[in-house]
Structure formats: C-alpha cells, structure tokens
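Trainee: Those sequence lines, one after another, are chains A and B. Read left to right, the first sequence gives residues 1 to 596 (our numbering). Read left to right, the second sequence gives residues 1 to 233 (our numbering).
Heads up, a few of these hints could be off.
Said to hold, decoys possible - Restricting the straight-line Cα-Cα distance to at most 35 Å, the calculated cross-link-like pairs of lysine-lysine (DSBU-like) are:
hint : chain 1 : residue 1 : chain 2 : residue 2
1    : B       : K187      : A       : K178
2    : A       : K69       : A       : K138
3    : B       : K24       : A       : K309
4    : B       : K25       : A       : K178
5    : B       : K81       : A       : K224
6    : B       : K187      : A       : K290
7    : A       : K354      : A       : K522
8    : A       : K489      : B       : K81
Hints listed in this document are in silico derivations from the structure and should not be mistaken for laboratory results. Values in this document were obtained by computation on a predicted structure and should not be read as measured data.
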Amino acid sequence: MRRLSVLLCSGTACQSSGALAVKQALVEAITAQGLSDEIQIVETGCMGPCELGPILLIYPDGVHYVRVKPADAQEIVSEHFLKGRPVRRLVWSAPAPEPRTIPFFARQKKIVLGNCGQINPEKIEEYIAQGGYEALAKALTRMTPEEVIAEITRSGLRGRGGAGFPTGKKWQAVREAKGHPKYVICNADEGDPGAFMDRAILEGDPHSVLEGMAIAAYAVGAEKGYIYVRAEYPLAVKRLEVAIAQARKLGLLGPRLFDTDFSFDVELRMGAGAFVCGEETALIASIEGKRGEPRPRPPYPATSGLFGKPTLINNVETFANVRHVILNGGDWLAQMGTATSKGTKVFALAGQVKNTGLVEVPMGITLRELIFDLGGGVPQGRKFKAVQIGGPSGGCLPESLLDVPIDYESLKDYGAIMGSGGVIVLDSSSCMVNVAKFFLEFIADESCGKCVPCRVGTRLMLQLLEKIARGEGTEEDLAELERLAHFVKDASLCGLGQTAPNPVLSTLRYFRDEYLAHIRDKACPAGVCPDLIHYVIDPDLCRACDLCRRACPTGAVEGQPGVPPYRIWLEKCIRCGACFEACPFGAVQKRPGRKG
Amino acid sequence: MITLTIDGVRVQAEEGETVLEVAKKAGVRIPTLCYLEGLSPRGACRLCLVEVRNWGGRLVPSCATPVQEGMDVVANSPRLKELRRTILEMLFAERNHICAFCVSNGHCELQDLAMELGMDHVRLPYRWPLLPLDLSHAKYGLDHNRCVLCGRCVEACSEVEGAMTLGFSGRGVFTLVEADLGDPWGKSPTCTGCGKCVQGCPTGALFEKGKATSEQVKRPQILAEVTERRPRA
C-alpha cells in the first residue's frame, strides 16, 4: 500500500521549467531514504498555474509545492515525506484538506480539465479508473445515434474552437448528409499566440478526446477519424500516440467496439505550422495532402469535407466535453453558463498577470473575476490597461468592459471574440498601437495568399501601422486604416481574413487617443515605439559609473567616469535602450515624444 | 427548379448552378478574374463577390456559391463597385502592372477590368517588389511581377492537363507560382509543354516566347473547349 502519492506536473510549461530534473532528484532522494515502496511519483498533465512551475501536489495531504528546484528534493523527502512537516517555504498556500481552497482553484469548475493534473496521461488504466470510456460504452450499448445527438443538442454545447457553432446541429447535419464513408476530424491545430488550452488537454487527458471522437463517430455514422495536431506540440503528439496504441490494445479503438457493430479508428496527422490550417477547409486540404488553403463555404464540410465526403470537424475542447454530456445528461451541462453559452470554457491566462496559466471557468464569469480573482491581477502594482481576448482574431477590451459576463455573444458585441480562449492581459507598459501591429504582423505573415483582401489588405494595414508607430502617420492614414480594416473584414475568403482586422478595429474603438498621440504629438504614451520616445539621464541620480557609455553602440552617451552627470546626444541616439538596461541607478529614463 | 432574385429580377435556375452562371444567363454582368470556365472555381480574387440580402447581407463569391431557393442577390451596387475597385487597386499595387511595358498590353483581363470598373488611378501605395523572371522554358516565359496569383495556370495544369507541374510556393504576398519544387521551369521533368497555363493566364505573367505584344492574344476559352469534349466519367 502506497502511503503518499506525489503528483508531478509534466506539461510542456513545467517540463520547460525543469520538472523532469525535479523528478529525477525526488526519485534519488526517495530511494536513498528507502521509501520507494511507500511513495509513488505520478507524472500528470497540466495543473494550471504554469507560472509557478515545477509544481508538486502531494496526496493525501493536499500540499501544493511550487517553483520546486532539484536541490529541494532532499528537504522535501526528509522533512515532509519522512517526518510529516511540509517545507513551508515551497508551499503555495497553507496545507488545506483540498487544493481547491486556493483562490486560483476555488473559482474554477474543472470539467474538461478534470483529469489534467490528476492522472498519468500515459496510462489508460488511470483514465478508466476515473470513469473513462464509460460514456462510450453507454452511447454504444444503450443509446441510438439520434439519442446521442439529442443529448448533445440539449446540452447547448457550442464549438470551443472560437466560432461557437452549436455542436448538436453540426452533428445532425453530418448524420443527415448523404455520402459514404463519413469522417470525424479533431482540430488540434492550436495556433493563436498565447493559447495553449488544447495542448494541455491533449497532454493531460488525451483519452477524453479520443472518447469524444468515438462517440461523435457513432452519432454521425463515421468509422474513421483524424486528429490534426501541430508538429510543434511534440509532447502532445507523443501522448496521443501512446493513448491511441493503448486504446487499440484494449479494444477501445478498432473493429467492433464493445461487441457492437460499430468500428472506429483514429489516425494522427501533423500540421507543418501554418496558422491558416486551423481553418476547417484549409485543414481538410492539408490532410488531403494539398496546400493548406481555405475554400469558399458553402458547401460546408458537413456535406462535402475530407475527400469530398461528409465530415464532422470539431475542436479538441469540444470533443473533451462530449463524454461528460453523455454521462451526466445534456441538462447537466445546460444548467451552467449563460442563456446562449453553456458549460465551461478553458482560458489561457498570459501577459501581465500574476498567475499565468490555464483555468477552466463557467461561461458567464466576468473578465474582472477571470483576471483579478483567478489571475491575481497585474503584477507589481502596475495599472491594468486592456485585455486582448480571442487571439489574432480577437480584440482588446478596456477596463470599462471588465464586468461584462463572458460568452460568445457578449464578446462579439464589444469587438472581441471568444476565440479558442487565449487571454492576454496588458498593463500600462503596453502600447496599443504596438499591440495591434504585433497581431497584424502575425496575420500578414500567416495569410495564405489565396484571396486578395487578406493577402494585400493586411499587408497594407501593417504598413500603415508601421508608419504610425514611426511617428510619420497622419489622420488621413487613420481613416484609411479603418477603411481597409472594414474592407478586409467584408471581402476576405475565410475566417482568418474576416477577423484579422479585429485587433486594429477594437484598439481604434477603445484607444483612439493613443493612435492620435502617435500622430499628433509624435509620442508613444506607453514608451514602447522606439521612434517616438527619447532617453534622458537624470543628473541627480547619475553616479558617472560609465556603464551606459560603454553599452551605447553609437557613441551617443557622453561623460567622464566619476564626473556626473552623463548626457545623451539625441542626434546620435538610435533608441535601442542599451543604456537604459545598463544603468543600475535608474538614472537613464525613457520619455514619450520624439526629440533630436 | 430554383427561383431566386438577382438585382431585383426573379430568375429560375437548375440545382447545382452557381450564382455567376445564373446571372450570366439572366444578362447580369458580374466581373471575374480568377474564375475561368472549365476550371473549378477558387473564389480567390473576390471580384465576383455579391451580397445576399437574406443571408444578413453576407458577401459571397458568385463563382463558387451554388444557388439556393429564395436567395435575394445584389450583384451590382455602389458598395460592391467600391469594393471591386479596391480589389483591383490592390492587385495593381501589389506587384508591377505597368501596361506600357507589358507583353499583354491591349489583351489583358486585368487591364480590361480596370477600364470596366473605372479604375482611373490607384489610391494605395505601390509595393513594387523586384521579382525574378523564369525564362528557362523553351517556349514560354513566367514573369512573377505580372502575376495576380489567380491560380488559373495551376488549375489548368492539374485539372485539365493533369501534369501538376505548376503550384504555389510561399504564402501571403510572398506567394509565387512555381514549377515542381521551385526548379527552373525549363528543367521540369513533369511539364508537357502544352501551354494551357499560358492560355489560361489573364495577364502577362505567362507568355509565349518570340511573339510580339500584338500577337500575344490568349485563348482562355480553350480550357472549357477541351474539358467539354471529354467523356464524362
């Protein structure tokens, strides 16, 4: 009998911060103390608070260790595991019977992420022990395909990939479509900057996605599924491969599942990194071996998809919801959320927020709760400025909209979108022109080049933003930027182009004064755009240490060691910020406005 | 039969027909560029966008949209005219379309469209990239500077000739039409030299070597003629 279970988060984020080295050190320390029989280490998927990794969760105590270093292993084992005294300096919050009393977890409702961080994703037995594949058994043996679809429809589940199309309706359309064979595709081409919820699900609970796909296949009448996953997610790919092999071995994928006439198998396809391949028709083209380019819809994939056959394509998180709906009933999911958006949504918190990481919350939670209660607010007493939600297709919302309940419709009304759930918090150190420029740069680079508005339009918009950021913009440019934005939105072929102007339009809507400061005052209020700031040396703080002069690549800093103050020749200064970084006394200061 | 309205006129159509085909029969002119009879519609150039009023004013490419019962289509309006003009301006600004120096001057679809839509000047900044010419092929030349990336040559090559020599490389504004995996066209082992791509090209991007400008008249309709004579599977 094991006395203690050590759950070690081994998601990509925690592996990057050294989780595997911590595991190695723990194993050595445990072996050295002769506790190998009493303590087991379980590598789990993402627990959520990525910022604090590597993370350990000790059961049954419920102690959460954060930012653990390999050097801490010895102490944890000898003090906590041997003597029962938790190492206080590493404990996230006071030992509680359940980690759910930590505010970060208390507000969450983990359904999709329920198994992430709790089970070893590479052991199908652990998934089954948590009720895994029970929903598939129930669907196959006790429900007709129509009943499955009715249950999904009743739940109000909508596509979690961003557009929010009613899942039940989609399944119904594929079921009714004429053609054989039919296909089920899982869209795991998560490409939004700052979004990593699908990766966490695939890494932490891959079987939930496989089970959801199998149920969907049964409902629509498909026998073959594809998972289109980014090659940049090697851990997710590996865990999916393991999961598929294990499911096949136990007869949970393959011919005649649960002794019924239903057969289903899944194939992995790796994406080569094009953002546009997250668009369903481009994704399908890519699986077919063609260039990843979207095509006009209709016809929708439901009637003519992969290889021209009826195809169901859903996002990772959507599939991960399915088994819960089948097990608990559609009404159970429908009681969570708002009038139009049911259930929960996983958000990836990133940017200037204390607890970056992954959270799952009921729909209808406000942005303020999400960012301040769960995310812990902006760090170091900086001021919250905006939240960019929905990735490159999303928008920036200002503080005045923080109390808006999050659902598909409300976000759209204010110029953002739910998207896949990336939430990037921006504080006073972010320039909104620069933020819009960043996202447009991304889109212009990722545009496939098929349709003219997106290919040329986004490039022209980017040129205008660059001009404004250089301080060369005019108010006519601003009007032209808006004209082009609406044009690209109206005329582009696929969702990528149609939503590409959102970051520009939303920043123009809520932060127009910042654009005007760049244009009229030739100043970047946030001190970000290098052409619209200048550096000065505060004579009272300068200690003449000479570091700034040595750091300057253009010889713009002048002074003699030991004879303060130094000064900056703005004519020579290229605003690289090297002196600013080098100064240990805060004497070099950034000021808005172009000088010299 | 399906009944729909185009520019206020009720028209009848067969199931499976596109809005563009029906409009053509009804005598309603919709400008097109990437669309070519005999090839599958790509919906890429967006010139043939029409507004479907009862789809919430959605803009759809008429070349690739099958007709549906009760559709209320606006094919020509001030909004669409402005939109089409902007698209044309973008095409002119994107690469190098100086007609006076082009082998297709006088018989170029892009030039004709500019005249039709009254595009007397370009309000957008020219990009003028310096793109290479591929003159390695014995009979034909490829000038990327004149290319509008409509994809007609690529489709003619794969769908009509079945050679699949031409394809796209790169993406966004850096997309290029290339032979095989980017080898010089003349070295391509797959190219049959049939010239269907050249005939399909709406601009001077693909041209026949050794012909004067006045002789460079293309016959894009040849692609439909070829496919129509084929026995259907």
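Trainee: Next, verify each hint and record whether it holds.
Mentor: Hint by hint, here is what the structure shows:
Restraint check for B:K187 and A:K178: the C-alpha separation of about 45 Å exceeds 35 Å, so the hint is violated. For the given pair, A:K69 sits about 45 Å from A:K138 by alpha-carbon distance, which is inconsistent with the 35 Å threshold. Taking the CA atoms of B:K24 and A:K309, the gap is about 30 Å. The hint holds against a cut of 35 Å. For the hint linking B:K25 to A:K178, the alpha-carbon distance of about 30 Å falls within 35 Å, and the restraint holds.
A threshold of 35 Å between alpha carbons decides the hint, and for B:K81 with A:K224 the separation of about 46 Å lies outside it, so the pair is violated. Proximity of B:K187 to A:K290 is assessed by CA-CA distance (about 23 Å); at most 35 Å being required, the pair is judged to hold. Straight-line distance between C-alpha atoms of A:K354 and A:K522 comes to about 33 Å, which keeps the hinted pair within the 35 Å bound. Taking the CA atoms of A:K489 and B:K81, the gap is about 16 Å. The hint holds against a cut of 35 Å.
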